[in-house]
Amino acid sequence: MISIHSKKGFDLNITGSPLPQTSPRETPVCVALLPEKIPFVKPRLKIKEGSQLQIGSVVFEDKRNPVIQFLSPGGGTVREIVFGPRRVIQKVIIQLDQEEERVSFPSYTDSQLADASRASLVEAILKGGLWCLFRELPFGDIPDPDIEPPSIIVSIDSREPFQPHPAVYLKGKADLLTAGIKILEKLSSSVHVSIHQDSDMPAGLAKGIVTHRVSGPYPAGDAGVLLYRTKKASAENRAWHISGQDLLLLAELIRTGQYPVERIVTLGGSLAREQLHIVTRMGAPLPHIAGENTGDPPRKRYIVGGIFRGYIAEKDSFLDLYATSLTILPEGDEKELFGFARPGSDKPTHSRTFLSSLKKAPFTVDCGVHGEQRACINCGYCDDVCAVDILPQFTLKSALAGEVEESLAHGLLDCVSCGLCTFVCPSKIDICAVLKGAREAYYKEMQD
Amino acid sequence: MAKWHPLFEATESFFFIPGLTTQADAHVRDSLDVKRFMSFVILALMPPFLFGMYNAGYQSNLASGASLTLLPVVLKGLLIILPLVVISYGVGFFWEILFAVVRKHPISEGFLVTGLLFPLTLPPTMPLWQAAVGISFGVVIGKEVFGGTGRNILNPALTGRAFLFFAYPAKMSGDAVWAVVDGVKAGAVDAFSGATPLSIAGLANAQEKIEAVLKAADYPFIKLLLGLYAGSIGATSALLCFAGAALLVVVGIASYRIIIGGIAGVLLTGYLLNFLAGDSSSAWLSLNPFYHLVMGGFAFGIAYMATDPVTAPGMDKVKWVYGFLIGMLTVLIRVFNPAYPEGIMLAILFMNLFSPLLDHIEIRLKIKKRVINV
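These protein sequence lines map, in sequence, to chains C and B. End of the first sequence = 856 in my numbering, gap-free, step of one. End of the second sequence = 398 in my numbering, gap-free, step of one.
To be clear, the hints were calculated from the coordinates, so they are not data collected in a lab. Virtual Cβ for every residue (Gly too), placed ideally from N, Cα, C. If a hint is listed, it holds; no wrong ones were tucked in.
As a list, the in silico BS3-like pairs of lysine-lysine whose alpha-carbon atoms are at most 27 angstroms apart:
1. B:LYS341 / C:LYS416
2. C:LYS639 / B:LYS392
3. C:LYS805 / B:LYS393
4. C:LYS805 / B:LYS341
5. C:LYS639 / B:LYS341
To give a feel for the contact side, a few chain C residues facing chain B, derived at Cβ under 10 angstroms:
6. SER642
7. ASN645
8. GLU739
9. LYS743
10. SER765
11. VAL773
12. TYR789
13. ASP791
14. SER825
15. CYS826
Please model the entire structure based on the sequences and the hints provided.
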């Protein structure tokens with residue numbers, strides 16, 4: 409096992425962290441697929457409103473590569489297809505039947521798996537609709553199944569605040585994880601499995617499975633950071649990655665021949681009714697997870713996918729395919745008199761300019777910007793927290809100036825979009841968004 | 025009315041942290057903003073500012089033969105310093121607001137610091153109109169023509185001071201400018217020389233020791249460190265300037281690399297010059313380098329001016345180089361250029377120009393080590 413230390417980063421110590429306990433939820437009335445939230449995909453619907461679906465029926469495919477399919481997370485009737493501006497498909501809502509039917513896929517026993525060819529496994533994953541769980545660095549697109557990646561990175565613990573604890577989602581599933589890694593080894597000659605030092609190694613995990621033990625603050629556990637820390641040559645850049653929990657889904661599909669629909673998600677944040685792990689369905693409605701009505705006071709923000717990388721979800725929306733957390737935070741839109749001159753013993757901050765930096769206790773965080781946007785003053789705080797050393801303050805300027813070559817030389821594509829540069833910036837510049845925009849523009853240009 | 029929005033916004037945001045919320049990821053933001061960042065510099069400026077006020081009153085009363093007890097001295101100091109500060113902030117803000125309104129950008133908090141730094145670098149006798157001209161030059165040419173705080177290449181307060189230094193040398197140098205003398209009382213004035221330690225040191229003959237000359241002129245080392253002598257308003261007390269620097273380093277606003285680099289630059293250059301000293305060479309060469317730290321404006325400059333993040337390099341390693349070269353240049357200007365008794369101002373402005381180059385070099389070296397990812 410290789411130890412990797414990533415010094416830069418920041419662990420935000422805030423209240424509302426989910427307890428390592430699980431609470432099951434009853435089956436929801438309906439589930440949904442959110443094609444809009446799957447990056448880069450151009451969906452082509454295969455169903456209509458009113459269509460009858462089984463768990464595992466094809467709902468839509470990617471126009472760019474139709475072998476990549478997205479399957480129904482529930483058995484029942486398509487209740488509604490919600491279109492957004494310019495007819496982007498936002499939601500496909502499926503009303504669940506009492507008795508849900510399942511499509512069955514080929515299953516593999518351990519010995520069959522050992523003998524299976526790469527092509528047959530790829531075929532099985534594609535047909536089973538879970539190819540989309542793989543992502544290709546650095547852009548995060550779904551990879552081309554015909555290409556063998558330089559490596560596949562499994563990050564068991566992303567360290568982003570409020571994501572499921574590996575100890576919880578791996579409980580009793582260590583053999584499934586082992587099987588999952590066996591599958592990955594068929595797909596690529598090099599499989600890296602990383603776990604954070606602070607996480608307990610799940611019991612029953614086969615020896616030698618974990619290849620990298622990472623330490624350091626968020627985003628140390630991120631696949632992109634691991635790649636940055638380990639790569640020796642440019643050929644390794646296009647590695648694939650998959651999260652620990654997603655790998656379990658993959659292994660379940662291959663072993664049982666059934667499309668897996670169970671998800672463990674965290675419910676966290678200071679305004680969540682309870683803070684714990686919830687066993688629920690893929691695509692479950694958010695009110696179902698939050699355990700409260702949508703009629704609650706409006707000054708709460710629902711964040712799906714983490715406080716640094718997630719998106720604001722409407723309170724009646726659903727979990728997207730990749731989502732593993734729902735965080736409920738106060739909006740924080742109150743003005744604060746003489747805020748700049750207060751000692752601030754309860755302010756979450758990376759700097760040392762508040763009394764709170766002397767305390768160890770967790771603080772309540774809100775979604776306020778806590779200031780107004782100003783020009784960059786070159787304080788370099790963003791560089792202090794950048795785990796992949798891209799010098800955000802300089803890359804920001806080259807990206808804004810449209811200097812693509814310069815940005816790339818700085819390591820724009822190594823950026824893992826952890827959002828910390830945006831978080832710490834005293835000038836309140838959304839650095840991460842600028843870098844992400846520059847990266848996406850470059851990706852688009854490459855594809856055309 | 026809409027064009028006055030920057031003014032409204034500045035006034036409102038002086039009192040309130042506005043209730044803006046994030047619109048996308050990252051959803052949470054640090055509680056620190058530029059206003060608090062700059063406020064800490066103001067806070068760190070308070071010791072030299074308050075002491076400077078007291079000292080200006082003390083020197084004035086000393087020169088005028090008036091009472092040296094606390095209250096009259098403080099009142100006198102207030103009378104001398106407050107108009108300068110008011111003029112600096114008033115005229116500076118006028119330009120800030122004008123540019124903000126015309127160019128439709130928000131008023132940056134950076135000026136809060138510039139507006140206080142600038143008067144502290146002036147002699148107490150500075151005519152108010154000249155101070156107004158100086159801050160105007162500093163704000164307009166030093167900053168606003170480049171697009172405002174964050175985009176300037178030179179420290180605006182020092183740019184203003186440099187302008188005054190070259191435009192009105194009679195009011196910025198010599199022995200007569202460092203204390204306000206009023207109500208001429210013969211005799212008392214004679215007892216007061218008004219010469220600064222740097223100018224006394226500059227007059228020392230080759231055979232003399234500067235330390236001894238200073239001591240003879242009643243400027244022992246400890247007095248230079250504590251600062252109760254005539255000089256630029258905020259810059260006489262090296263001790264308080266270093267205390268302010270320590271505060272800024274502790275809260276992570278100022279770079280310790282620049283400050284320590286600067287001190288190292290002064291000491292190392294000073295010691296190297298000691299080796300060059302011969303019997304007939306200038307008395308400066310054999311000066312104990314620690315005197316360079318406490319004389320003149322070095323402490324003030326390295327603590328508050330050189331650490332301005334906008335005009336200093338952004339990369340960590342070259343901050344050492346930047347600080348070191350500021351210290352070195354300060355000593356070289358003092359020792360080898362008799363035309364300028366003080367070197368820190370020009371040293372910082374000169375190194376400001378080199379910041380982008382220093383950054384460029386370190387970035388190139390860093391990029392070379394990366395595995396290319398395109």
